[in-house]
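Here the protein sequences come in this chain order: Z and H. Using my numbering, the letters of the first sequence map in sequence onto residues 1 to 143. Using my numbering, the letters of the second sequence map in sequence onto residues 1 to 320.
Since the hints were made in silico from the structure, they are not lab data. Where hints are given, some of them may not hold.
[As the list claims (entries may be wrong)] Straight-line C-alpha distance at most 27 Å; calculated DSS-like pairs for lysine-lysine:
hint : chain 1 : residue 1 : chain 2 : residue 2
1    : Z       : K113      : H       : K305
2    : Z       : K127      : H       : K249
3    : H       : K292      : Z       : K105
4    : H       : K141      : Z       : K113
5    : Z       : K127      : Z       : K105
Here the structure is a predicted model, which means the values were calculated and not measured.
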Amino acid sequence: MKRRELIVVVLIALAITSGLYGWIGARAARSLRSVADELCSVRPHIESVANAELPRRAVDVDRAISNMAPALRVLLPVLSRSEKHLSTRGLSHTALYSHVSQILKDIMDFNRKRKLRDADWALGHLKTIRDDASALESICRSL
Amino acid sequence: MKAFLLWTWLVVGTISMAEDPPRAPAPDVNLGVSREIEGAARPPPPAFLKPGRPLFSVSANLQYTPRSDVDENGRIEINRQGYSVGLAIPDKAGRMVGLAFDQEYSQYRFKNIDDEFLNDLFDDISVSRMTLTYRWKVNEKWSAFAAADMTCSVESGADWEKGLTGGGIASFRRQVATNFAYSVGLFLRKRLEEDPLGFPIPGIEWQITKRLGLRTAQGVTFDYALDERKRWVMDLAGRYEGREFRLDKDGPISDGVVADRRVPVLLGAHFRPNPGMQFHLYGGWIAWQEYKTMDEDGNGLSVVKTDANLVGGASASLRF
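Could you build the full structure based on these sequences and the hints that come with them?
Have a look at this one:
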């Protein structure tokens, strides 16, 4: 193969590769955008969890659970869809995915053990969920 | 005293069956299958039934799904127990009204499921169903069938009113030849949180040879009689089974819904010591199965598919 032909082949390969990367990147960006848009639509609920006032005493935890429950109920299907969407688009390595996945895991963990009526544990876990929501809110704001 | 009377009634009924004309045994208890769809494919009441004389049926069923693998390490194990009692009354004009009550209990055991929603989501499920049927033999070739049911499917601890659904079917059946009949019907069913279901039900019943038969209802069944009197019958069946239930308010998904859908392919042996009595032993493969979890507004949360796995069970039924 002549030198000129080799250069042409390399240039074509580079163009195809960069085009492919560009397409994958654009697709990933679109996916991230659509997830961010969906999360933005429920941002008031994320904010309400992030700014939830938690009781100082564990005995008052029932009230805090009741206050947080409606927002968590709205968030649950949205977070589930977002997690699934990011996962199927190969975006499991992104910060958004890890935040969505973490809060989802913590909410379900909380719901699963709520029946135990361990007020100290519940209060501690509500704080974790609040921190998760706060982190998710800031990442949504940056997207 | 009540138990003694009930047993006496059952024993006398069973013994007297030997004197009765032949009749079909009661179907298995399976709350994953619609009684309406199965009923629509059945023939009209035979002429030899004594008008006004009630026909009683009792059935019991045990089923075990030892292990459904999910992803790499997860698995689900299911135990089911069911019973059914029914009453049907034929009249002179070839009509028959029936009422059946079915109850099924299931215990699900989850282990290492990765899905946040499904893992340890529920344990004990109860499904109760009341079905009213009406069958009318129009003439030698045509018959009509209508049925409606009310079903309550709930996890232990859930509000039973939130687990209520209902459905019904209207169909007709035509006996084209002595060995072939088809049926066509419209089936409608309300579901928990998902959109109501409505679809046409085509069914056939074809006695291909003296011993080999084919019928379709909520699946396809081939049966083969091992002897002339059909005391031993083998069958191979593939069908769709769907169960859905309301979750506990205090559970991980408050008032949520789970749909357990599967397609088992089963090989079974039926033993009929007399025409109204049947024992059925079966085993097979669940070719496809998925669990769908939804919140209380019907928003999908997750869908988990399991690998193909084994299933087995036994049932006994009596009609007198």
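**Prompt:** Given the hinted pair H:K292 and Z:K105, is their alpha-carbon gap at most 27 Å?
**Reply:** 18 Å, holds
**Message:** H:K141 and Z:K113 were given as a pair; does the straight-line alpha-carbon distance stay at or below 27 Å?
**Reply:** Given pair H:K141, Z:K113 is violated - Cα atoms ~61 Å apart, limit 27 Å.
**Message:** Next pair to validate is Z:K113 with H:K305; report whether the Cα-Cα distance is within 27 Å.
**Reply:** 25 Å, holds
**Message:** Need the status of pair Z:K127, Z:K105: alpha-carbon distance at most 27 Å?
**Reply:** Holds, because 14 Å separates the two Cα atoms, which is no more than 27 Å.
**Prompt:** When you check the alpha-carbon spacing of Z:K127 and H:K249, does it fall within 27 Å?
**Reply:** 23 Å, holds
Of the numbered hints stated above, the single one contradicted by the structure is hint 4.
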